[in-house]
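Q: Work out the full structure, taking the sequences as your base and the hints as a guide.
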Amino acid sequence: MSMRNPFLTRYSEDPTSDAQFLRTYSPTVLDALPQGDRLWRDLTVIRSSPGGGKTSLLRLLTPGVLRALCAYQTQDAYKDLFAKLTGMGAVDQGRPVAMGAMISCAHAYRHLDDLGLANGLAVRITIALLNARITLAILRSALAFAGAVYPDDLGRLEVIDAHAEPITGGHADRLTGEDLYKWAVASERAICRTIDELALRPDSPVIGHDTLFAIPLFEPDKLLFNGEQLAERIVVLIDDFQGLTGGQRTAIRDMLVSLRSKTAVWLAERLELLDLVDVFAVGAKPERDWSVVYLESHWQVDRRRFRAFARSVADRRAGQGSDDEIVSFAACLCPNTDDDEVSEVLGQAWTELQKRLAARTQGNKNLEEWLVERRPSPPCTSGAVRFLRAMEIRLDRLLQKKQGVLSFVQPDDEQTGIREAAELFLHTEFHLPYYYGFERLCTVASCNIEQFLRLAAQLFEYVLSDRLLGKGGTLSATVQERLIDEAARTVWRNMLQCTPHPIEASHLLGSMSEFCRKETVRPSAPYAPGVTGIGLRDCEYGDIACDIGRGGGAYRHLAAVLSECIGQNLLIRTRIRSKSEEWVVLYLNRAACVRYSLPLSYGGWRPVAAKDLVQWLRPGKASLFPGEPQHA
Amino acid sequence: MKDKLAEQLLAKVLGWTADEVMKERPRLQAAAAYKYDGYQQFEPGMRFVESLAQWLHQFGDIDERQAAYSFVMSRLVYISSEEMAHLVRTAYPDYMKHEIMRHAATQLGLSPYRIAAISASKEFHVLRRRSLFLGLSDGAHTDLLRRANRDEIGHEQVYPSHEMAPGRAEKLTEKLKEELASPKLLGRPPTIDEATFRLVFLLDDFTGSGITYLRAKPDGGRDGKIATFMDDFKQDGSPLSLLVARDADIYVVFYVATHRAIEHIRRQIESIEAWSEHLHIRVCHRLPESLSITAERDPDFHAICAKEDYFDPGLDDVHGAVGGESFRFGFSGCSLPLVLSHNSPNNSVAVLWSHEDTSFPGLFPRVPRHGEVGK
Chain A
1 MSMRNPFLTR YSEDPTSDAQ FLRTYSPTVL DALPQGDRLW RDLTVIRSSP
51 GGGKTSLLRL LTPGVLRALC AYQTQDAYKD LFAKLTGMGA VDQGRPVAMG
101 AMISCAHAYR HLDDLGLANG LAVRITIALL NARITLAILR SALAFAGAVY
151 PDDLGRLEVI DAHAEPITGG HADRLTGEDL YKWAVASERA ICRTIDELAL
201 RPDSPVIGHD TLFAIPLFEP DKLLFNGEQL AERIVVLIDD FQGLTGGQRT
251 AIRDMLVSLR SKTAVWLAER LELLDLVDVF AVGAKPERDW SVVYLESHWQ
301 VDRRRFRAFA RSVADRRAGQ GSDDEIVSFA ACLCPNTDDD EVSEVLGQAW
351 TELQKRLAAR TQGNKNLEEW LVERRPSPPC TSGAVRFLRA MEIRLDRLLQ
401 KKQGVLSFVQ PDDEQTGIRE AAELFLHTEF HLPYYYGFER LCTVASCNIE
451 QFLRLAAQLF EYVLSDRLLG KGGTLSATVQ ERLIDEAART VWRNMLQCTP
501 HPIEASHLLG SMSEFCRKET VRPSAPYAPG VTGIGLRDCE YGDIACDIGR
551 GGGAYRHLAA VLSECIGQNL LIRTRIRSKS EEWVVLYLNR AACVRYSLPL
601 SYGGWRPVAA KDLVQWLRPG KASLFPGEPQ HA
Chain B
1001 MKDKLAEQLL AKVLGWTADE VMKERPRLQA AAAYKYDGYQ QFEPGMRFVE
1051 SLAQWLHQFG DIDERQAAYS FVMSRLVYIS SEEMAHLVRT AYPDYMKHEI
1101 MRHAATQLGL SPYRIAAISA SKEFHVLRRR SLFLGLSDGA HTDLLRRANR
1151 DEIGHEQVYP SHEMAPGRAE KLTEKLKEEL ASPKLLGRPP TIDEATFRLV
1201 FLLDDFTGSG ITYLRAKPDG GRDGKIATFM DDFKQDGSPL SLLVARDADI
1251 YVVFYVATHR AIEHIRRQIE SIEAWSEHLH IRVCHRLPES LSITAERDPD
1301 FHAICAKEDY FDPGLDDVHG AVGGESFRFG FSGCSLPLVL SHNSPNNSVA
1351 VLWSHEDTSF PGLFPRVPRH GEVGK
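Chains as they are written, first to last, in my numbering: chain A, 1 to 632; chain B, 1001 to 1375.
Keep in mind that the hints were calculated from the coordinates and are not lab data.
Please note that the accuracy of each hint is not assured.
Capping the alpha-carbon separation at 20 Å, the derived lysine to aspartate or glutamate pairs in EDC-like fashion look like this [stated by the list, open to error]:
1) Lys1002(B) to Glu420(A)
2) Lys1004(B) to Asp323(A)
3) Lys1225(B) to Glu1263(B)
A: Structure, rendered in structure tokens:
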């Protein structure tokens, strides 16, 4: 049987099949990583909101995946990924040369803070646990890299020139894999027992460590297998770094920065749970000591990149889910409205718009002439109806400038923004499809690959259903819009529920969406194609951030909610210079735009004051989903 | 048949639109993968979706097909092999061990909740060793029961049948004497009375009506598996009578049983004074009365079951006559919507389990136990 909707499968977390993982992995995301040697010697921090692709990026460097890729290197499906990894230096002459060892901070570490240990002891024990787990991960990966069996072949591994006082009491010329394994297992077990018992007993063998010695211990020239250097490059891959407490993260990050080891460290953390200051400080200062990759920002710089990435991911998964019958997912989505399908609505819109335009130009000779000259002739295609509506917007703009009505002024030629505004107005007034097509689907995904997969899953399910019934064509714009609308609402609701303050976030974003909507639907479309964001003056944004640092103040709660929204990708932050002033603009996630019938393009925003946002946090404003119970 | 073809047939049979396919296909695939494809009596190569499509195709019109489909997706109860295995594995610690501990508590004069004290006592360990576990059919899975509780139950306490061969009974007795004499238990040779099993657990997987286990005969006697066991046990000189203590407590343990079956067996037991004090029934998973298909609860599907076109009269045989009713609504009219992964019970409505070579093959065709094949 074909795979059950591969758009719903999360290969990053499926340990069972490296081949499946590779098959669906698009190499485009590798362009986000720093280039050159920096990747293999510095600390690289990879940040994104949930579902951004961090774990998949780390998994790519694990031995099982790299070995599988080298085995399939001649197959078309893997050639581009293989080439990229060769260019990066992870693979050379058809074999892996970089060895990744992956650990997750999702479990256990945080609980050490609950033990009530004094004077930094909790952090030291955290470091000890990390050392033990990094050791075990490297030993496991080393044997996988060598094609040996773990733990049976530990005796074939050794570390030379070992500086590991907690293990050996000092310097050791040689440590075997078995020595290291025994030490790490005992250490981990003792610490976990301490966590289970919720206390550190006086006779406990647990000791804290002051340094992350496990990383320099396993430098590439020191780790041998059967007496020979195993890998040219070693990278420790730390996932779910947000699983640590703030104090733990700060201490460990400082330690990693100052390590200066030949073993690289890649660290992945979710944006949502960063300390509030971190989220607000993002992008404000350059990183000298480490590289930071913001996956969403990488895509947002040029959204065509994300589109290419999403296309690649989608095509791979569509092929998997259809026994390779479908080679292009985008081709399954009709890029245009089918005029025959919506002919009745087009006819109604055509008649209505002609009537409106005639009524408003009546009595003004110039405008009447303009109308006669410019209005499109039948047949009433979607393009012609769009043109008519754009004419009405231009007319509204002109009529607002009262002097223009009296003088002989012809409305200007069409602009792209007005055309898109016209299309949106037709959607809200006459229910003509707007949210359809692969490009718009990618935009609704808001540069988050998991969001894209969730939206695309619905469309793909329908494509499969259509094919099952013997209909092999593309999905019409009407069907696409219905499915995207349903999926976007679900995605939006789920994202809100993941925030620590879902009710306040719902109030804030609901009010913001309504505000954007009001600004967008003004008849003259002054901010064509529409408003989808709000802007805060840089100084006000700074005031909000200061309240985090102070731990109090008028904006403390607002800062918390904003930080959560940014971290969850509910709001997309960017900096803009406008009229000689610096602004921080917060755009709505495009899923909210679908819900509130807002345009999908970025660009339109309106300034607000921080105190307005504080008001928007309060109940009494409309919920994001009218008809749902209001929360006090 | 390839899955895709089966899904296409199903969509055609039910007249689905693309929206309906989109909604139902994930549900069907999940249900099939999780449980229904594991039905052990499908023909080689047959899977659930194909069987469903062929079954629905037999119904006369679209309304009946949709009613039948709706019934399968919302009312069918399917107990998978994993779920049955779970019941088997947990039957001892959750039910039988409690009985042993209760008896030990009585001997010790302790409250039954003093579980630490009871389980540490020699009385408990001796009583546990003097417990016998017998299967009433293959469905008892005595092998699995023993393996899942290997620290508690030994090989010499478990037998797959309630009909004991003489040689086997002797061996069990010898082993019992040997182990009771060990220092961990009595620490001395047991007396004649002590060298018998004090508790007996009769095990089986499922009962729908209870009739095959215990029923009244026209002459006032009793018939059925439990009656056979009790008669054998009470008969002087029989292997069982030598193996099991005269005042033994007998527990009939079902992994799954309907409320109706439990009540029936209970009433039968209570009607026999000689049995009522020492014969008990225990059930791991009880199926409520509300599970049965009735005209009030399931009018559309009940009407389908009642239709002549969808029942092969050849199914009614002498074995069905024991239940007193036609097999149309299941043995003894149990009218269950139940399927067990190893074989559909005939207590369920016939449209679900009719044999493959009848005029209306069921969704989960049953292999008959008594050699009756579609007369």
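Q: For every hint, state whether the structure bears it out.
A: Structure-based check of each hint:
no.: 1; hint: Lys1002(B) to Glu420(A); result: violated, 47 Å
no.: 2; hint: Lys1004(B) to Asp323(A); result: holds, 11 Å
no.: 3; hint: Lys1225(B) to Glu1263(B); result: holds, 17 Å
The structure fails hint 1 only (numbered hints given earlier).
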